[in-house]
Structure formats: structure tokens, C-alpha cells
Amino acid sequence: MYNKQYLNFLSGLILLFLSHSLMANVITIEITGTPFNPIKIAVVPFQWQGQNLPPAEIASIITSDLYRSGRFNPIKETELTSKPVKGSEIVFADWEKLDVDYVVVGQLNQRNSKYEIRFELFDVFRGEQLSGYNIPSRTKQLRNNAHVISDIIYEKITGQKGDFATQVAYVTAIKKQKQLQYSLHIADSDGYNAQQIVISDEPLLSPAWSPDASKIAYVSYEDHRPLVYIQETATGKKKKVISFFKGINGAPAWSPDGKKLALTLSQGDNPDIYIIDLANNSRTRLTKSFAIDTEPAWSPDGRFIIFTSDRGGKPQLYRVPSIGGRIQRLTFDGEYNARASYSPNGQNIVMVRGEGGKFQIAVLDLGTGFLRILTPGNLDESPSFSPNGNMIIYATENQGKGILAAVSLDGSVHQRLKLQQGSVREPVWAPYGRSR
Amino acid sequence: MNQIKLLSTGLCVLVLSGCGLFGEKVEETDITEETTQTQQQTTPSQETTQPTGQQVQPQTNNVTTNNNGNTGQQSNNAVTQGLGNRPNTQLNEIKEPITPPTERTIYFDFDKSLVRSDMQNILAKHALYLSENPRATIVLEGHADERGTREYNLALGERRARAVKQVLILQGAYADQIEMVSYGEEKPVSLSHDDESWALNRRVEFVYQGQ
Numbered sequence: 001m002y003n004k005q006y007l008n009f010l011s012g013l014i015l016l017f018l019s020h021s022l023m024a025n026v027i028t029i030e031i032t033g034t035p036f037n038p039i040k041i042a043v044v045p046f047q048w049q050g051q052n053l054p055p056a057e058i059a060s061i062i063t064s065d066l067y068r069s070g071r072f073n074p075i076k077e078t079e080l081t082s083k084p085v086k087g088s089e090i091v092f093a094d095w096e097k098l099d100v101d102y103v104v105v106g107q108l109n110q111r112n113s114k115y116e117i118r119f120e121l122f123d124v125f126r127g128e129q130l131s132g133y134n135i136p137s138r139t140k141q142l143r144n145n146a147h148v149i150s151d152i153i154y155e156k157i158t159g160q161k162g163d164f165a166t167q168v169a170y171v172t173a174i175k176k177q178k179q180l181q182y183s184l185h186i187a188d189s190d191g192y193n194a195q196q197i198v199i200s201d202e203p204l205l206s207p208a209w210s211p212d213a214s215k216i217a218y219v220s221y222e223d224h225r226p227l228v229y230i231q232e233t234a235t236g237k238k239k240k241v242i243s244f245f246k247g248i249n250g251a252p253a254w255s256p257d258g259k260k261l262a263l264t265l266s267q268g269d270n271p272d273i274y275i276i277d278l279a280n281n282s283r284t285r286l287t288k289s290f291a292i293d294t295e296p297a298w299s300p301d302g303r304f305i306i307f308t309s310d311r312g313g314k315p316q317l318y319r320v321p322s323i324g325g326r327i328q329r330l331t332f333d334g335e336y337n338a339r340a341s342y343s344p345n346g347q348n349i350v351m352v353r354g355e356g357g358k359f360q361i362a363v364l365d366l367g368t369g370f371l372r373i374l375t376p377g378n379l380d381e382s383p384s385f386s387p388n389g390n391m392i393i394y395a396t397e398n399q400g401k402g403i404l405a406a407v408s409l410d411g412s413v414h415q416r417l418k419l420q421q422g423s424v425r426e427p428v429w430a431p432y433g434r435s436r
Numbered sequence: 001m002n003q004i005k006l007l008s009t010g011l012c013v014l015v016l017s018g019c020g021l022f023g024e025k026v027e028e029t030d031i032t033e034e035t036t037q038t039q040q041q042t043t044p045s046q047e048t049t050q051p052t053g054q055q056v057q058p059q060t061n062n063v064t065t066n067n068n069g070n071t072g073q074q075s076n077n078a079v080t081q082g083l084g085n086r087p088n089t090q091l092n093e094i095k096e097p098i099t100p101p102t103e104r105t106i107y108f109d110f111d112k113s114l115v116r117s118d119m120q121n122i123l124a125k126h127a128l129y130l131s132e133n134p135r136a137t138i139v140l141e142g143h144a145d146e147r148g149t150r151e152y153n154l155a156l157g158e159r160r161a162r163a164v165k166q167v168l169i170l171q172g173a174y175a176d177q178i179e180m181v182s183y184g185e186e187k188p189v190s191l192s193h194d195d196e197s198w199a200l201n202r203r204v205e206f207v208y209q210g211q
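Taken in order, these protein sequences are the chains called A and X. Read in order, the letters of the first sequence correspond to residues 1 to 436 in our numbering. Read in order, the letters of the second sequence correspond to residues 1 to 211 in our numbering.
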């Protein structure tokens, strides 16, 4: 009798476990493509020391991270000839034979209700340790801490800060009865751990992170017209930014110092670009034309605003000093160039490019003027740089549904995140800001 | 038993006086010619009969009464009978409320806000209605298809609504009758990703208020 109850209890636990992992699997990730000059790395499966199944596959999270960056080519688990778990167990000659430059080994240990992740990174050629940490974790932190490890590995090897342990925001639209229901979500940069922060029967669009990643500005139709709101992600508190004007209040973009918002106001006439000082709500008008001017974005140094305008007949990109001044056209090539944003180093801008009925993501190198198309889609939109500028997340269409995708800046590696239900659009990558 | 009788007589009365009580029925029948029950009509009709039937106005209880139930007057030699005044025929006008034109969507070409020639007719009907009904107000909802960027499409939807507003005003509508809101590509009527759907989604909808 006792045994039976115990068994029931156990199977209950297993079910809970399964349903938990099912919930975590609301998205599927597909990574395709071959990096141009990849760094070869082996991430050996982490040894699990605990009961039942490991709560997270740390090594595979790290492997996916490194692969989707386009900088690494992690070798497959089936190609491994040994599976060391500690530095002392590594035979470097074995890894040289596999033509591997770096090896990551580690363990995931259960400590009562908590865990401890242990990892070490080695340079095969030098035969020496580059990094190693022991990271205590609660269950909820495991995935994020795996991303933190990816960040450490990425930075040690490339010299550039990693951005895997960051977040993205995006909008979903789900058909409920005959209506669409709109929600704004925040998730890990690989799409996991999604949390809903706004839900509405009226459209939501244009989410924009504050530079410290503590707030999101967005456009909501909850008042049956487009108005800009700012919401604190931690508390859910929100306020209206502009509510005095008829017509469009849209396309919010934070200044790099977080003190101002550039946005589009139409006042029932042609939409123009304005800058609102958030401290006193004073506004500066930057454009005045008989055309559509919208989608402002700041340069990282805060000196310029780029925006979309059809003043030349078709939507093209223009630039204006953020204090006002002469407007300069940036794109001349192509039928449709819109919704641009700067890379974090200010050298590139990413945009939506329409040509021959296809809308794709393209990057313009501001130094050389060279434009590169990064994505193959027909209806790709809303590109957003990752905080270190090495990846771009965007929205695309798959089997009639909006899904999220990411591409490395060099266009070599593509990644698709598929959610189980609804249509996903408008991803925006959070800046480093605070870490969770 | 008594109660049943009472009830049924009550019903009879109701039925008899009824056609007026339930007068919403659009029955144009009652051309109630005053008929005489008896042989000779000595008095010619004093009034010219009005030609029409009874018109029943919606939602009013018009009881058409055949008034003057008069009684005959008699003398010894000649029998006359007064017919009383011929009853006035009451004309209750049927008036359907004037409603806005039924076609309430017009469509646009890709990235265009010019009102197409095949849409002018629909627009003209709305302009006429608005100008003749100055108390009617309308919201023009501008929409775009999913191609291109969302904020640009928001602006495009508004430009379409504005173009429609201008035409309506040129044709006699008043500016204060017309509000605009653009939904860009956010509220498609068709969710497929093809030319047919896009053509349906590039539109301005006429949403009359208070209806």
C-alpha cells in the first residue's frame, strides 16, 4: 500500500516534469547555414549528478548559442571520441586530431532543490584553461545561466562581448473566435521563457526598449486610436506619452541616453518626426513635408535620426541631425527601403528592402555604401540588431504564420523560432541594460 | 366557464378593435368605403372621397376608427337615412428611415492612396448621404496590406482615409462629420498571404457612428 502510494507520487512527479518540459518546448528552433570562417569548438555534454532527468541540457543550449552566432562551428556529439567532464580528464592530443580549437567541459549537479553548474573552457593548441566557473542556480535560472556561460566563452575566444543572455520583446496575434487578440511578450534571446506583459483586443505594435532595458515603449489601440505608452517591465506600470493629438502617435524610439523619444505624429495630416523630452514633454519637430515621414531611429551617439520617407515618391531612408537641420537621403537603390536602425557600433544600418514584390532584410555599410541582402524571405520585416551587433532578429512568414528568425550579420547562419500558436511579429532585441 | 366566456368576448373585442392596435402591419387595405346598410341613399356623399388607403406608420398605434355610427332618422312619409359625415381617411405615412449607403468599403492599389475610378461611385453616395444628413458622423478606417513595414503602413492607411475625407468634403460632406483612424496592416479582413487577400486588405471602411 505504501509502495503504491509512493509509486503514484513518483509518476506524478514525472508527469509534472514532462509537462514542464512540454511547456518549455512551445518553440522549436531550427538553425541552418555554414559559418564562413568558423571557430571549431567542442562542447562536451555536461555530466548530470542528480535524480531523474537533468532539468536542462546545458551543453546543447551552449552549442545552439555558439552556432547561431555564425562565428562557431560546434562539432556534433556523435563525432566526439571522448567525453571528459573535468579539465584533468582532457587529453589535448585527441582534440587536435578532431581539428578542434577549443573544448568546453562541465557538470550539472543537484544540491537539494538547487543546482550548481560547473564549466571549464580550454584552448586545445596551448593546452591551457581559458576560463572556468561554478554557478549556483535555481531551476528557473538554468537556461539563462547556460546563456551566461555562452557569453563568457564567446568573449574569451572572440574578444567581443557575448549577448546570448539577453532578452527580446515581440508581439503575437492569436485568433480568438473571429477576432485577433494581441499580446506583447518578453522572452530569452533564443525564444524560451516567454512572458506576456500586455494583452489587448486591439492592435499592439512597435515595441521599443529603453537603453537600460527597464522599460518598453509601444503603440496600443486600447483607446481605439494609436497612442504611445511606456511600460516598466518589472512592475507593469504604464503611462501614456502623448494623448493630445489626433491621428497617428507612433513609431517610438528612445534616445541613447533614455531621456527622449523620437516618434511620429500626424495630427490628422502628413506624419512627421518629432522628439519628445520625457522630463517635460516638450517637443521638437524634425521634419515637415507633404510626404510620409516615419520610423525614426537614433544613431548610437545620439547625433542623428534616420527615418523612412516617401518624399521622393517611394519609401526611402533619410537622415537628419537630432537637433534638426539638413535632411540627407541615404538610399537611392531599390523600390522600397524602410524601417532602418543602426548597428551598435554605428557602422551599419539594417532595413527592410522591397524589390520585385519581395521584402527582405538588408544591411547597408555606411562607410562603403555597400548593401547586402541577408534573408531569403518574401515578407521579412522588423529587423533588430543584437546588443553586440553580431546577429539580427526579424519577423518572417512560414506556412502562412508569422514567425521569428535570426541571421548572423555576415548572413551565413540562419535561425528560425517557431511558436506553437499564433502569429509572431515585431521582435526587438533588448540592449544589455540590467541583467536578470 | 364564465371566465372562459368573458375571456373569449374580451378576445373578440380585442380582435375587432385590433387591427389598429397591432398597426405596425403594413396593410394598405382598409379603404373603408362607408357602406350603407339600407336600400336608398338619399343623401349624396358630401365629401369627395379621398383616394388612398390607410397608411400605417411604423411603431405607432394608429387606431383607424370608423366614427359616427349614426342612426337613421325616420318620418312617416318618406324614410330618410342620414349617413353622417363620411369619415376622414387617415393617412399614416410609411417612412423607412434613411440609411447610409450599404457599400461601406473602398479599395486601393498597392502603396497608393488615390481613390480609384471604380470606387468613385461608392464615395459619391456617401458624400450625398452625409451632406443630406448633417447630423450623421462617420469614422473612416484606413487599412493597408501586410507588405512593407508596419509604421509606414500605418501612415499609408491614414493617407488613404485622408484622401477619402477630402473627396467627401469636396462633394458636400462637412469636415466635422468625419473622423479618421488608421489601423495600418494590423486589422486585415483576409489573413492569407496572396494578391487576392492583399487587394481586400488595402481599404478604407466607412463606419457610421451610433448605428
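I should point out that these hints are in silico values taken from the structure, not numbers from a laboratory. Any given hint could turn out to be false.
What the hints assert, rightly or not - To give a feel for the contact side, a few chain X residues facing chain A, derived at Cβ under 8 Å:
| # | residue |
| --- | --- |
| 1 | V79 |
| 2 | L83 |
| 3 | R86 |
| 4 | P87 |
| 5 | G148 |
| 6 | T149 |
| 7 | E186 |
| 8 | V189 |
| 9 | H193 |
Here the structure is a predicted model, which means the values were calculated and not measured. Positions of the beta carbon are idealized from the N, C-alpha and C atoms, including for glycine.
**Study point:** Per-residue hint verdict: P87 of chain X, partner chain A, C-beta under 8 Å
**Key:** Nearest chain A Cβ about 55 Å off; hint violated.
Practice item. Mind checking the CB of V189 of chain X against every CB in chain A and telling me if the closest is under 8 Å? Key: Not OK, violated: V189 of chain X not within 8 Å of chain A, min 11 Å.
Check your understanding: Hint check: is the beta carbon of R86 of chain X less than 8 Å from a beta carbon of chain A?
Key -> 59 Å, violated
Practice item. Mind checking the CB of H193 of chain X against every CB in chain A and telling me if the closest is under 8 Å? Key: Since chain A brings a Cβ to about 6 Å from H193 of chain X, closer than 8 Å, the hint holds.
Practice item. Closer than 8 Å between Cβ atoms is the bar; does G148 of chain X clear it against chain A? Give me holds or violated. Key: 6 Å, holds
Practice item. Would you settle whether the hint for T149 of chain X is holds or violated, based on the nearest Cβ-Cβ distance to chain A being less than 8 Å? Key: Holds, about 4 Å.
Check your understanding: Does the nearest C-beta of chain A fall within a distance shorter than 8 Å of the C-beta of E186 of chain X?
Key -> 4 Å, holds
Exercise for review: Using 8 Å as the Cβ threshold, decide whether V79 of chain X counts as touching chain A.
Suggested key: Status violated, d = 76 Å.
Review point. Holds or violated: L83 of chain X as interface residue toward chain A, Cβ cutoff 8 Å?
Key: This hint is violated: L83 of chain X lies away from chain A, its Cβ roughly 65 Å from the closest one there, beyond 8 Å.
Of the numbered hints stated above, those contradicted by the structure are hints 1, 2, 3, 4 and 8, listed in ascending order.
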